[in-house]
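J.: Okay, here's what each chain looks like letter by letter:
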Amino acid sequence: MVPLWMYLLVGAGLFCIGVYGVLARRNAVAILMSIELMLTAVNINLVAFWRYVTPQNMSGQAFTAFVFVVAAAEAAVGLAIIISIYRNRRSVIVEEVNVLRG
Amino acid sequence: MLELNAQSIAFFIFSVLVLGGAIGVVTSRNLIHGALYLIVSLFGGAGFFVLLSAPFLAAVQVLVYIGAIAILIIFAVMLTRSMTQLRELVNAQWWLSAIVGIALFVLLAVAVILPVWGVDGTNPNQPVSDDIATIQDLGVALVDGNQYVLPFEVASLLLTAAMIGAIFIARDTSVDMDD
Amino acid sequence: MQTCVNVVETMVPCLVQGGVDPGLAQFISILLGVVLVSAFPLVLVILLIWVERKIAARVQDRIGPNRVGPWGILQNVADAVKLIIKEDITPAGADRLVYNAAPIIAMLSVILIWAVVPFSPVHIGVDLDIGVLYFTAVSSIGTLAIMMAGWSSNNKYALLGAFRVVAQLLSYEVPFVLTLLVPVMLAGSMSTQDIVWGQVGMWYIVVAPISALIFYIANLGETGRAPFDLIEAESELVAGYNIEYSGMKFGLFMANEFMHAFTANLLFAVVFLGGWWGPGATEIPFLGFLYLMIKTTIVYIPSLILRATIPRLRVDQMISFNWKVLVPISILNVVVMALLIKIVQVAGIAPAPGETDFLAHLPMTVVLLLGNVGIGAGVVTVLRNAGRRDRMEAQDLVLEPNDEKSLSVTVAH
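Chains as they are written, first to last, in this note's numbering: chain A, 1 to 102; chain B, 1 to 179; chain C, 1 to 413.
Pulled out of the complex, with its shape left as it was, chain A reads as follows (with noise of 0.2 Å):
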């Protein structure tokens, strides 16, 4: 098989691409969606991780579950918040929402 360690750098490199995503975009729809990218390389980690050091113990692959109902959780949530702001705002840049600095 290919060694553990690519896995881990192809989840180093999303995990890196989200971040920047995240810092750098001004969309919130485009930082939600770098979450997820950020979410989906910890995802190939735990499972990567489970396959190749843990294969009979299930908790690499119930984390994994877990990170699906939580990215769940959050795309709905954080759509919906976003779906909010742009009613009140009209407007979905985030540097644009800024009510609370008065």
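Worth flagging that the hints you see were computed from the coordinates, not collected in a lab.
Cβ coordinates follow ideal geometry from the N, Cα and C atoms, glycine included.
You may find that some hints are simply not true.
What the hints assert, rightly or not - With the C-beta cut set under 10 Å, the calculated list includes, among others, these residues of chain C facing chain B: (1) Phe27; (2) Asp95; (3) Leu97; (4) Thr136; (5) Ser139; (6) Ser140; (7) Thr143; (8) Met147; (9) Ala162; (10) Val166; (11) Ser189.
What the hints assert, rightly or not - If you anchor each label on the Cβ, the simulated ranges turn out as follows: (12) C/Phe286 x B/Arg171: 53 to 61 Å; (13) C/Gly374 x B/Leu150: 26 to 34 Å; (14) C/Met293 x B/Ala10: 28 to 36 Å; (15) C/Thr309 x B/Leu150: 50 to 58 Å; (16) C/Lys86 x A/Val53: 52 to 60 Å; (17) B/Arg171 x C/Val77: 48 to 56 Å; (18) C/Leu332 x B/Ala109: 46 to 54 Å; (19) B/Val143 x A/Val53: 18 to 26 Å; (20) B/Arg171 x A/Val94: 18 to 26 Å; (21) C/Lys86 x B/Val128: 57 to 65 Å.
Start from chain A and add chains B and C according to the hints.
T.: Below, chains B and C without anything else, positioned relative to chain A:
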């Protein structure tokens, strides 16, 4: 170092999908394209899960991420007219973000590769055994009282709470909801 | 003498004997299997469209295609030739890549389902552990394809059609998945082949008729055909998501729709009608294939007659029917069935796995059937009362409860 068989070729194809899709997500000006790139990337992730003999997670990845979350995101893009707000792609500190991203990647890459190729790099990085748990084991583990039944229930509670919260937040209060 | 496991695996030794590299022989045989499995629905669809046109014509008191070939059976070959030689237009302002990829992805989502359909005890594309989950996941890609088509066409009717897709297909996926849980629980496996083996003594449509009914309705909703054909409602949306498509790209969408309808009924036959199971199917696998096709036809023809006779629902009616009727019933159904299956297992009247004797399945069937009758009776009562209330309100015959209360308060004073 690495023999070229069907599995490694598949690995490289999926790596290109995952990373290419991810770069597409953070660089595409049109958010619908971004969402489609996200789907490409997530599909590559599902391919990884198949290669790592976790077909259940691959199917869930396609069903939940591609079938539901990505479509939800496309829907949100259309609802918020993000497609038409294409003036500036990134904010003022994008170069700082890029530096942070690259620095983090270098750090992680060194941490990943050093144990393999470093001074004590004897780790073969191969699976400890090919005797892997099956889907039945995952099912049992999720509802077994000694394993993950509590997190499982909490996760379902979280989903319910998130769903109610999402409906409440996104509800259009200007419309009378009584009828 | 090599015993014939299936065509694909028998071919490898022959090729190796003929001097082909073993790895290459394996690859060729797998490729051949893939081509066989995916070409079959593509060929079948030509016949399906003819069947559908003939039946719709009969329902509407017409004759239908009757010029090309005997009984007009070659009409669709002529139509396909016409579609191929037509001009292939990409509208101005369309997103070229997404626009061209959408029909292919739509087609893919249906063909991929056929990989896990068990045609006979030995003929199956791949017997996945997660077969049921696989075809649910794959068919959810179809939603995406229609979304892509609707958005990239740069046309408001297409976009409206795409919006409806999200509402319709995503919501009908919920009862679809929930009812699939019942056969999975009964068979104790998500593999499609195991589900068929679980039905050798008793079909699941007898054991769980309510699940079968909801699955059938949800299937109609998933395939987006009348009375649920809102995604391309001609009278409102002109043609819906595929309005801008022409030539063979439109042909792909059309073929995809017919193929999806047949595939959905094929899955129904596999999951609830015993798949390939029938007398002699284990000895002569081809008989199993025949049985599967006959069973599929038996459920497919009524769906065609439904399509030709029932008018289209309004979009709000369809969504509220799903969320207020189908989803609650399917949740109740799953809970009750899980409880009853557990009780049957604890009581020890569950048949042994692979038991072919009809009588051995009888006690479990009776218990589960009674549970289904109970659910059905409860649902019918609730629906009847709700319907009656709606009718009374519509006729203004109901007493306003507030008036009655204020009246009694006045009297007390």
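J.: So which of those numbered hints doesn't the model satisfy?
T.: none
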